[in-house]
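Asker: Next come the chains, spelled out residue by residue.
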Amino acid sequence: MAVRVKIPTQLRAAAGGEAETVLDGATVQEVLDGLFARHEELRARIADEDGSLRRFVNVYVAGEDIRFLDGLATPVADGAELTILPAVAGG
Amino acid sequence: MAVSHLECKECKAQYPLEALYVCERCFGPLQVAYDHSGLLADQGAIDVGELRRRIQGGPQNIWRYADFLPLAGGPPGPSGRLTSRVGLPAGCTPLIRADRLAERLGLREVWVKNDAANPTHSFKDRVVSVAVARARELGFETIACASTGNLANSVAAHGAALGLESYVFIPADLEEQKVLATGVYGTKLVGVQGSYDDVNRLCTELCAERDWAFVNINLRPYYAEGSKTLAFEIAEQLGWELPDRCVVPVASGSLFTKIARGFDEWLELGLLQGSTPRMNGAQAEGCSPVASAYAAGHEVCRPVKPDTIAKSLAIGNPADGPYALELARRTGGSVDAVSDEEIKAGILLLAETTGIFTETAGGVTTAVLAKLAARGDIDPEERVVLVITGEGLKTLDAVRGTFATHTIEPTLEAFQAGVVEAPGSLRPAPAGAL
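So the sequence lines, in the order shown, correspond to chains A and B.
According to the working numbering, the residues represented by the first sequence are 1 to 91, in order.
According to the working numbering, the residues represented by the second sequence are 1001 to 1434, in order.
Warning: the hint list may mix true and false statements.
As the list claims (entries may be wrong) - Below, a list of computed lysine to any residue pairs in the SDA-like style, where the Cα atoms sit at most 25 Å apart:
| hint | chain 1 | residue 1 | chain 2 | residue 2 |
| --- | --- | --- | --- | --- |
| 1 | A | K6 | B | R1210 |
| 2 | A | K6 | B | L1202 |
| 3 | B | K1305 | A | A73 |
| 4 | B | K1012 | A | A13 |
| 5 | A | K6 | B | R1025 |
| 6 | A | K6 | B | C1026 |
Stated by the list, open to error - So the derived list for chain B, only partly shown, Cβ under 10 Å to chain A, looks like this:
| hint | residue |
| --- | --- |
| 7 | C1023 |
| 8 | P1029 |
| 9 | C1203 |
| 10 | I1408 |
I should point out that these hints are in silico values taken from the structure, not numbers from a laboratory.
Just so it is clear, the structure is predicted and the values come from calculations on it, not from any experiment.
The beta-carbon is built from N, C-alpha and C at its ideal position, and this holds for glycine as well.
Just need the whole structure built from these sequences, with the hints factored in.
Answerer: As structure tokens, then:
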């Protein structure tokens, strides 16, 4: 299933300058694994050593924070949009 | 110039003083670092008397604390004093000794810092003043924000005052008073169908696409520093002394943590003696990710979908949540939550005992103070400061129906027949009265 992944400006240098990329995967975890396979440097930026997301990273599927869904196990539909954003904005 | 660089709060990586807010290495938040060696006298310590005199001789607004704010060129304008007369100078709001409130709560010494007495009637004028001044130094011509209302008012007004274009993004269902008090300044007002967290996500994406200064996103390290001036003022108004405890509303956690940072900076410099006050955070039950995490002993906050009348605190995904938790625990404070009924009762309690009419966020803060007092958390000998961040006229719906107006013919007979002259008789006791 093809998922459009939007990469925040802060990570684009580590992603070969890409602002977005299309990857396959049935869950958020699978899509992120695909992203890390494509750009290994991104793994350490947004994931902890145990594989969970760093605490200042927000991931959205179709605009919804995955923490309101099933976290990394959240299913992603074909054609869905996955957005990675810094959590330190606002207030 | 005391401001030195930006640094990551998590991994300490350093960055230049630009419109940056996220560490590229670990995604942690960036904060401003200072070099105060310029303030030190010959013996490597500050001359406390001299520095205090300099501050006291400064302008009657936040720029009297320019040494501790993140502007490269010092306060804006030809001289510090002139800033009192241009734009929208914020700060120097009253600190009121609230003996009648203290008595109602069984406490000895309660002070109310009334930050509704700012140009657009909330503490947001402090942070916006700093962010916009830095944005101008960096050459931005457009300012913007994601707001729960008070920030919207302030950004729109500062844009008008300084001749900058502004874009203000708010949840579409915000209180009418806050919408009207934003649009009037001629800003480009965008109502987003969703919660504040949706607005914030949209603006975070937009921030990467536009060359704008989003005061609370790409200018956030500078913006947040403005909240330290609340601590500076409280200490100065108390005669260069610290309170024992501060009760502060928590939305993103930025205000809460930066007030403590302000006290700590002056403690580290020797400008104040003692230790960081106990910091008590206040949230509404309908949006209490930080209070819930505090109660559960967690170090991070699980985001929530807000449902509370305290819309200015309705941030379900608080950026500074982990730091707010750490601060409350480190200082022996807490983060507590109160119900919508308690919030309304808190607004009335503050109004009746101090003459200060606050918005729902102030109702949250007052109700949490009452809760702490009732729980016995506060030693009666403590000096407590209640930080009131906004104005009651912006959330009028919260007090609708809390009292009766006696309508009479203009005759003495009608008054004598129609009005009972006992104290407090015009107001029925509201549910959840404190």
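Asker: All hints are to be evaluated individually against the structure, with a verdict given for each.
Answerer: We went through each hint and held it up to the structure:
{"no.": "1", "hint": "K6(A) / R1210(B)", "verdict": "holds, 16 Å"}
{"no.": "2", "hint": "K6(A) / L1202(B)", "verdict": "holds, 13 Å"}
{"no.": "3", "hint": "K1305(B) / A73(A)", "verdict": "holds, 21 Å"}
{"no.": "4", "hint": "K1012(B) / A13(A)", "verdict": "holds, 20 Å"}
{"no.": "5", "hint": "K6(A) / R1025(B)", "verdict": "holds, 18 Å"}
{"no.": "6", "hint": "K6(A) / C1026(B)", "verdict": "holds, 18 Å"}
{"no.": "7", "hint": "C1023", "verdict": "holds, 8 Å"}
{"no.": "8", "hint": "P1029", "verdict": "holds, 4 Å"}
{"no.": "9", "hint": "C1203", "verdict": "holds, 7 Å"}
{"no.": "10", "hint": "I1408", "verdict": "violated, 48 Å"}
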